[in-house]
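K.L.:
From first to last, the protein sequence lines stand for chains E and L.
Mapped onto the working numbering, the consecutive letters of the first sequence carry residue numbers 186 to 341.
Mapped onto the working numbering, the consecutive letters of the second sequence carry residue numbers 20 to 516.
Treat the hints loosely; a few may be bogus.
Unchecked claim - Listed below are several chain L residues computed to face chain E (Cβ distance under 7 Å; list not exhaustive): (1) MET195; (2) SER205; (3) ARG207; (4) ARG209; (5) ALA241; (6) VAL397; (7) VAL412; (8) ILE419; (9) VAL431; (10) VAL436; (11) MET472.
Hints in this document: simulated from the structure, not taken from any laboratory.
Positions of the beta carbon are idealized from the N, C-alpha and C atoms, including for glycine.
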Amino acid sequence: MRNKAEGIVTLFILICGLGYFLAATQYSIGKLDSPGAGLMPRLLGIAFVLLSASLLVTNWFGRRSEPPPSPAHRERSPKLKTPLQVTVILILYVAAIPPLGFILSTFLAIFFTARFMGLEGWRKPVLLSLGTVAFAHLLFVLLLDVPLPVGALWGG
Amino acid sequence: MLEGLCYGLQNALDLRNLLAVGIGCFVGTIVGVLPGIGPTGTMALLLPLTFALGPTAGMIMLAGIWYGAQYGGSTTSILVNVPGEAASVVTCLDGHQMARKGKAGAALAVAAIGSFVAGTIGVLGLTLFAPPLANAALDFGPPEFFWIGLLGLLLLSNLSGKSTVKALLMATLGVMLATVGMDPISGRPRFSMGSSSLFGGFEFVPVTMGLFGVAEILSSCAERLESWEVLKVRFRDLYPNREDLRRSLAPMLRGGVVGFLVGLIPGPAAVMSSFVSYAVERKISRHPEEFGRGAIEGVAGPESANNAATAGGLVPLLALGLPFAPPTAVLLGGLMIHGVVPGPLLIQEHPELFWGVIASMYIGNTILLILNLPLVGVFASITRLRPAIVLPVVLALCVIGAYGVNNSMYDVWVMLVFGILGFFMRRFEFEPAPVVLGLVLGRMLENSLRQSMVIMEGNIWGFWSRPLSATLIILAILALLVPLIIRLSAYRKRRIA
Numbered sequence: 186m187r188n189k190a191e192g193i194v195t196l197f198i199l200i201c202g203l204g205y206f207l208a209a210t211q212y213s214i215g216k217l218d219s220p221g222a223g224l225m226p227r228l229l230g231i232a233f234v235l236l237s238a239s240l241l242v243t244n245w246f247g248r249r250s251e252p253p254p255s256p257a258h259r260e261r262s263p264k265l266k267t268p269l270q271v272t273v274i275l276i277l278y279v280a281a282i283p284p285l286g287f288i289l290s291t292f293l294a295i296f297f298t299a300r301f302m303g304l305e306g307w308r309k310p311v312l313l314s315l316g317t318v319a320f321a322h323l324l325f326v327l328l329l330d331v332p333l334p335v336g337a338l339w340g341g
Numbered sequence: 020m021l022e023g024l025c026y027g028l029q030n031a032l033d034l035r036n037l038l039a040v041g042i043g044c045f046v047g048t049i050v051g052v053l054p055g056i057g058p059t060g061t062m063a064l065l066l067p068l069t070f071a072l073g074p075t076a077g078m079i080m081l082a083g084i085w086y087g088a089q090y091g092g093s094t095t096s097i098l099v100n101v102p103g104e105a106a107s108v109v110t111c112l113d114g115h116q117m118a119r120k121g122k123a124g125a126a127l128a129v130a131a132i133g134s135f136v137a138g139t140i141g142v143l144g145l146t147l148f149a150p151p152l153a154n155a156a157l158d159f160g161p162p163e164f165f166w167i168g169l170l171g172l173l174l175l176s177n178l179s180g181k182s183t184v185k186a187l188l189m190a191t192l193g194v195m196l197a198t199v200g201m202d203p204i205s206g207r208p209r210f211s212m213g214s215s216s217l218f219g220g221f222e223f224v225p226v227t228m229g230l231f232g233v234a235e236i237l238s239s240c241a242e243r244l245e246s247w248e249v250l251k252v253r254f255r256d257l258y259p260n261r262e263d264l265r266r267s268l269a270p271m272l273r274g275g276v277v278g279f280l281v282g283l284i285p286g287p288a289a290v291m292s293s294f295v296s297y298a299v300e301r302k303i304s305r306h307p308e309e310f311g312r313g314a315i316e317g318v319a320g321p322e323s324a325n326n327a328a329t330a331g332g333l334v335p336l337l338a339l340g341l342p343f344a345p346p347t348a349v350l351l352g353g354l355m356i357h358g359v360v361p362g363p364l365l366i367q368e369h370p371e372l373f374w375g376v377i378a379s380m381y382i383g384n385t386i387l388l389i390l391n392l393p394l395v396g397v398f399a400s401i402t403r404l405r406p407a408i409v410l411p412v413v414l415a416l417c418v419i420g421a422y423g424v425n426n427s428m429y430d431v432w433v434m435l436v437f438g439i440l441g442f443f444m445r446r447f448e449f450e451p452a453p454v455v456l457g458l459v460l461g462r463m464l465e466n467s468l469r470q471s472m473v474i475m476e477g478n479i480w481g482f483w484s485r486p487l488s489a490t491l492i493i494l495a496i497l498a499l500l501v502p503l504i505i506r507l508s509a510y511r512k513r514r515i516a
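Excised from the complex, chain E in its bound form (with noise of 0.2 Å):
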């Protein structure tokens, strides 16, 4: 897949590995029998930054000699519209779990992401929810004692 997302992703690494080496920098190396908490810090830095440039060169060698993706190739691409979604619930549904519970929001994020997922109808994704949740109610809080949040709004 070399297109100009990945030079774009490569640089967003390899920014990253400056900026992990910089604050690396804060830490003391020691000496060399008795080296410090800032030693190995630096020798990754050093190592992610020239692994990171040396695939951005690649990359954009690579794009330069490389024809473009054909329209056929880019049908068969997979689509983002789902995992968008379901990672948009995923993270309501984290968010959600300590005010409503884990309850409610386990119930609430199988349903939708269910429907978003192409479960026709009301009664199945109901139905799928309300048996996920006595499932793990039992497996969780029952079986392995696991006192999972009960939610602010109800007094947890």
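Starting from the structure of chain E, add chain L where the hints point.
P.N.:
For chain L alone, coordinates are given in the frame of chain E:
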């Protein structure tokens, strides 16, 4: 050794451990059958269950999921032409062709019998190799552990994905993540950005669940959300004829040996072993033209090899405490949350665990043969379940599982961030396995490097003065240079052509 194995069998036959091996094999088979859900994510997801089971039964269950998935993966490859597991990709070539010719039953039976035969060969190898290696490793010091860890990461990077540079980058990222948190020697926090949550660093379990569980689900959403069409197979068809068995026996035995040996090498051993076995069978076959058109050897060899590879992969973990593949990294994580430190002393300090896991694999292979032959139709029907039903449930269980490890929402957020990161990593062909291994081995690498420097009084040439350390350095240099030389010579050949 025999005494140890008897002790292990005695342990493995304990009711709790038998239940654990049964659950592990059953869940592993389901995970293997279902495309899009891998054993590593499932093992990480079920880590909280090990709190209830205890370390020995917990490890027996997790190992059961791993090798059970190798059995289940072949079912989908043969009946649907979609690999349930990456290690069963090559089985699609001949397995599905056999199914189309009405020989699905024979292909499934040969895959299950081959998995049993090779799985047993692999466990025999594990029984023979792990204890002497653990004994030898008692002489290892920090320099040897540093170089063996680095060698493992380099080999894994060479063998993961299409680009070595990308894999090396990901391995470095993993080690960088391991530096976040309290410095083990000075006790000073590093890269914590003032957050008390980051003082403890990144926990291995939520990171793995994110990279392998959530990311796999998000990737599956991007690819296919319809159920698969499954070829039907009748119970009475599940008997390979005498000719099928005659042709399969040697590939099964060869696959067992090849798989075990490849399993010892760091990297995606189960996948590699199946390809190596397929290449070997094709090379030595009297009818190579049959391969790809339904040759039974093309099913028997690879399906045997990927099972033996799981036993091979357990050797470095149980003997040295070093995981060289993501599933063994989860096993290591599972041991560590119970306060068990794997390594050369494991066999002396926790013989019930060491021998219990090994002995349970003999029982597990028998359970899997029983599960996978008569119940193959039941497992195959699981493939008909729509991803829109399976994936939301697994996603919710990932969130609850990540919370359950430490009862902390911070772990859930870490899993989520790494899940999203893992999804984009897959899109841009960055392998997640080296990140996980870098994270797991990172602390050990840093500690052993710093301890080595103290022992050698700052003389970096001291690494060469220890024979084993020097050998490992040479191997590490070769691991770095050989792929580079091969690539350069291929590039030159292309330019000349």
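K.L.:
Does ARG209 of chain L pass the interface hint, meaning its C-beta sits closer than 7 Å to a C-beta of chain E?
P.N.:
At about 6 Å, which falls below the 7 Å cut-off, the nearest Cβ of chain E leaves the hint on ARG209 of chain L intact, so it holds.
K.L.:
Taking the closest Cβ pair, is ALA241 of chain L under 7 Å from chain E?
P.N.:
holds (4 Å)
K.L.:
Hold the hint about VAL436 of chain L up to the distance rule: shortest CB distance to chain E must be less than 7 Å.
P.N.:
violated (10 Å)
K.L.:
When the nearest CB of chain E is found for MET195 of chain L, is that gap smaller than 7 Å?
P.N.:
holds (5 Å)
K.L.:
Just to be careful: measuring from the Cβ of SER205 of chain L to every Cβ in chain E, is the smallest value less than 7 Å?
P.N.:
Constraint on SER205 of chain L satisfied, holds at 5 Å.
K.L.:
Go through the hint on VAL397 of chain L and say holds or violated, using the shortest Cβ distance to chain E against 7 Å.
P.N.:
violated (20 Å)
K.L.:
Per the CB criterion, is ILE419 of chain L less than 7 Å away from chain E?
P.N.:
For ILE419 of chain L, the interface hint holds, since the closest Cβ of chain E sits about 5 Å away, which is under 7 Å.
K.L.:
With chain E as the partner, please determine if VAL431 of chain L meets the hint condition of a C-beta pair closer than 7 Å.
P.N.:
Status holds, d = 5 Å.
K.L.:
Would the hint on MET472 of chain L stand, with a C-beta cut-off of 7 Å toward chain E?
P.N.:
Hint holds; MET472 of chain L Cβ to chain E Cβ min 5 Å, cut 7 Å.
K.L.:
Interface hint check: VAL412 of chain L, Cβ to nearest Cβ on chain E, cutoff 7 Å. Holds or violated?
P.N.:
holds (5 Å)
K.L.:
Grab the minimum C-beta distance from ARG207 of chain L to chain E and call the hint holds if it beats 7 Å, violated otherwise.
P.N.:
holds (6 Å)
Checked against the numbered hints above, the structure violates hints 6, 10; every other hint is satisfied.
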